[in-house]
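Start from the sequences and build out the full structure, keeping to the hints where you can.
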Amino acid sequence: MRQRILRGVPVVGGVALGHCWWLRSAAKLDPVEAEQLPGDPFDRLERARAAARMELEQVIESARGRLPESEIAILHAQLLMIDDPELERVYREGIEQGKAPAVSWQDAVRTFHQVLSSLPDPTLQARAADVKDIGARVLRHLTGAPASPAMPASPVILCADDLAPSELVAFPSERLLGIALSGGGPTSHVAILARALGVPTIMGLGESLHAVTEGTFILLDGNGGRLVVDPDPEEVRGVLAVQQARDAEQHRALQQRLEPARTRDGYRVEVGANVGRPEEARVAVSAGAEGIGLLRTEFLFVDRDAPPTETEQERALRTILEALDGRPLVVRTLDIGGDKPVPYLPLPNESNPFLGIRGLRLLRRHEELLRTQLRVLLRLGYADLRIMFPMVTTLDEFRWARAVTGAIVQELEAAGQRVAPFQLGMMVEVPAAALLAEQFAKEVDFFSVGTNDLTQYVLAADRGHPELGDYQDPLHPAVLRLIAHVCEAAHVEGRWVGVCGEAAGDRLAVPVLIGLGVDELSVAPSLVASIKDEVRQWSLETAREVARAALGLSDAQEVRMLVAEARARS
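Under the numbering used here, the residues of the sequence shown are numbered 4 to 573, in order.
Don't read these hints as lab results, they were simulated from the structure. Possibly wrong hints are sitting among the right ones.
[Stated by the list, open to error] Dumping the calculated SDA-like pairs for lysine to any residue here, alpha-carbon to alpha-carbon at most 20 Å:
(1) K445 <-> D399
(2) K445 <-> L427
(3) K102 <-> R113
(4) K445 <-> V422
(5) K445 <-> T408
[Claimed, not checked] Estimated spans, in silico, between C-beta atoms of each pair:
(6) Y347 <-> T396: 17 to 27 Å
(7) D387 <-> L82: 36 to 46 Å
(8) V239 <-> R368: 25 to 35 Å
(9) I8 <-> E217: 15 to 25 Å
(10) A156 <-> I8: 20 to 30 Å
(11) G218 <-> E544: 47 to 57 Å
(12) Q420 <-> S557: 14 to 24 Å
C-beta: ideal position from N, C-alpha, C; glycine also.
Okay, here's the thing in structure tokens:
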């Protein structure tokens with residue numbers, strides 16, 4: 004049979020060869036019969052929720068050791084959703100209207116799912132999929148339906164329309180060669196988990212995936228976003244040759260992970276790690292990270308009923324400092340908004356939280372949260388502490404944050420506390436901040452470019468939208484021009500520039516970023532070795548040539564082709 008090629012969005016690189024196995028997802032709200040089953044409907048709901056809770060806790064336990072805590076947190080969030088009061092309220096209304104328990108629960112979940120799905124914020128859209136997952140779990144226990152589909156007996160390429168986070172984590176890793184989904188996007192929860200697991204993944208294949216029948220031999224090229232159906236031998240040989248070269252790169256990278264990242268002509272690029280939990284710091288250092296380039300401090304504030312005390316914050320940070328052993332620590336102050344609600348913090352109900360009160364905008368309205376966090380950080384006495392503020396749009400915002408910091412320093416010194424020298428910087432996520440970088444550069448110590456949000460704002464495309472994958476590429480020349488502007492402005496004033504978004508962990512983006520003048524890259528711990536290795540494959544001169552050429556192109560795909568061709572020649 005002649006081979007066919009389906010194209011989707013590459014989410015996790017790598018190649019998989021195997022047979023298609025369709026997952027008939029258990030996370031579907033299939034129609035249920037409306038008959039009244041025996042037993043009190045509220046007791047039945049409580050028993051069903053308890054069973055679903057236990058089931059999900061088992062999945063979480065199985066994930067420990069395979070996934071970092073920041074990814075396991077996705078499943079913890081689902082646990083909290085099981086007892087969501089809004090779901091229970093709609094369920095009660097259905098029972099009072101005479102509906103069967105299963106039908107009432109189904110209606111409640113669908114209502115909640117539709118509301119979240121219609122919101123423009125990608126984080127809330129991701130939660131919509133989570134609601135569907137936990138809703139289906141509870142529904143199965145209400146109806147006595149089979150718990151989950153049977154697993155394949157041998158390794159397969161998993162094909163599905165969509166996939167729930169818990170389904171992916173529960174799937175036996177030794178039988179999972181790759182993932183091909185008709186829907187989904189690169190910033191979905193499943194995409195995040197697939198990256199952490201290192202499973203080659205393509206999403207957004209569309210309806211064409213339905214033509215691939217179970218048992219069909221397929222080649223999944225996660226590097227290029229291609230799914231080849233019935234591949235011919237020549238195709239298989241070519242892709243496997245590419246993958247063998249990648250495997251060799253990976254082995255070399257791991258062997259050299261603890262060495263500095265220098266270009267062929269000796270230019271040093273600092274490679275740090277993005278960390279979201281204290282226990283990840285030691286993992287990052289073992290992986291070769293030269294420091295923490297982004298410490299997300301939200302873990303201190305979420306999933307609790309009151310703000311963390313200074314003692315609680317200091318205890319967590321001391322654990323991180325012990326792991327770093329003097330290496331640089333870049334801390335992002337609290338970055339939450341309407342998309343990350345916390346019970347003790349009154350947040351406005353916004354139609355688009357990503358354009359609302361979040362980051363530094365929120366901290367100006369709740370100054371004590373920032374003051375407490377700064378007091379803890381400055382009391383640490385750490386020799387290489389760098390503090391940065393998120394979602395900075397105007398110079399006035401940064402000056403306010405700097406003034407608050409200065410006031411805290413004075414308070415501590417007046418109390419006899421020595422404050423070690425530190426750097427004060429800002430995230431560049433908002434196009435306005437990038438465009439005015441020459442003004443900010445006179446007052447900040449450093450910039451850290453958050454390419455995920457910057458790309459979303461520059462290209463006016465929701466980064467969680469499953470049909471806008473082509474617009475979510477930080478290698479778009481418009482985004483690159485802003486990064487170039489930030490680097491130029493920073494270096495005039497002697498400031499350094501880091502990148503901590505997805506682009507920093509993309510090997511094809513590395514030479515472009517270096518060539519534009521980026522001084523530091525911060526990536527997931529699992530990518531540190533690979534990115535260090537990529538830095539070593541280029542000379543600074545060649546990287547600059549590639550970057551200059553990239554700025555003159557018209558789209559991200561052209562930039563990627565440019566880099567790939569230059570890499571093949573080098």
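Check the structure against each numbered hint from earlier and tell me which ones fail, lowest number first.
4, 8 and 12
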